[in-house]
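Q: Throw the hints in and build the complete structure from the sequences for me.
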Amino acid sequence: MKPWLTPQNRKDIDRRLGVLAQNIGQHVSDSFGTLEQVASGAGRRSWREAFVILFESILRDSEDVFVNLPYAEIRHQLSRLSPALEEITSPQLVVIDFGHPTQVLVDPESKKLSGVVDLGKTLWGDIYMAEMFEEPSSSMLDGFGQSRIVGSEMERIRQLLYVLLS
1 MKPWLTPQNR KDIDRRLGVL AQNIGQHVSD SFGTLEQVAS GAGRRSWREA FVILFESILR
61 DSEDVFVNLP YAEIRHQLSR LSPALEEITS PQLVVIDFGH PTQVLVDPES KKLSGVVDLG
121 KTLWGDIYMA EMFEEPSSSM LDGFGQSRIV GSEMERIRQL LYVLLS
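Numbering (UniProt numbering), first residue to last: 1 to 166.
FYI, nobody ran anything at the bench for these hints, they're computed from the structure. Each hint should be verified, as a subset may be incorrect.
[Claimed, not checked] Straight-line Cα separation of at most 30 angstroms, DSSO-like style, residue types lysine-lysine; simulated pairs:
1. 111 x 121
2. 11 x 121
3. 112 x 11
4. 111 x 11
Computed from a prediction, not measured in an experiment: that's the story for all the values here.
A: Listed below in C-alpha cells is the structure:
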C-alpha cells in the first residue's frame, strides 16, 4: 500500500475492499471453473474437481518446461487434502488477485479507494481463494462481513491449497 497513508487510511481502504469483495462474491454460477469453461458449458459441478483440474494444469505446465519439483508427492498430497474442497457447494465469482496492493488505486488527496485494476484472473469457485484472504486485516474482514475466515481444519486445509496455487 502507499507509504503516505496513515493507519486509519489503510483501515478505511481495507474495509472498502472487503465490501467490494463481498459484493463480487454475491454473483454465483451453476458450475465451477474458469470463466471460459463455465461460459462454454464445460464447468464442473464439484469445486474439488474444478480445483484439481486447475492445479494439475499448472503442474503439467511446470513439467513441460522442466521445473524440478517432486510431482508425485505434490499430486499425492493434493489427492489426500482435496476432500476439504467438497464443502464448497456454491460457485461464487472470485477475482484471484483482488486487493493486491499493485492493483489498488488510491486518490492522493482524499486518501480513499478510487479504483481497482486488473480483474482478469477470475473464476467461479470459493470466494476465499482470493489473495486478499491469505492474511486479511480485521478491517477487511469487517467490510466483508466476517470476523474470521479460518476456523475448522477443513477451512485451514483449503486456505493452504489456495496459497499453494497462487
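Q: Next, verify each hint and record whether it holds.
A: Do the hints match the structure? See the list:
Our distance criterion of 30 angstroms between C-alpha atoms is met by residue 111 and residue 121, whose separation comes to about 26 angstroms. For the given pair, residue 11 sits about 25 angstroms from residue 121 by alpha-carbon distance, which is consistent with the 30 angstroms threshold. Only pairs whose Cα atoms come within 30 angstroms are accepted, and residue 112 paired with residue 11 is accepted, the gap being roughly 10 angstroms. With a CA separation close to 11 angstroms, the supplied pair residue 111 and residue 11 stays within the 30 angstroms bound.
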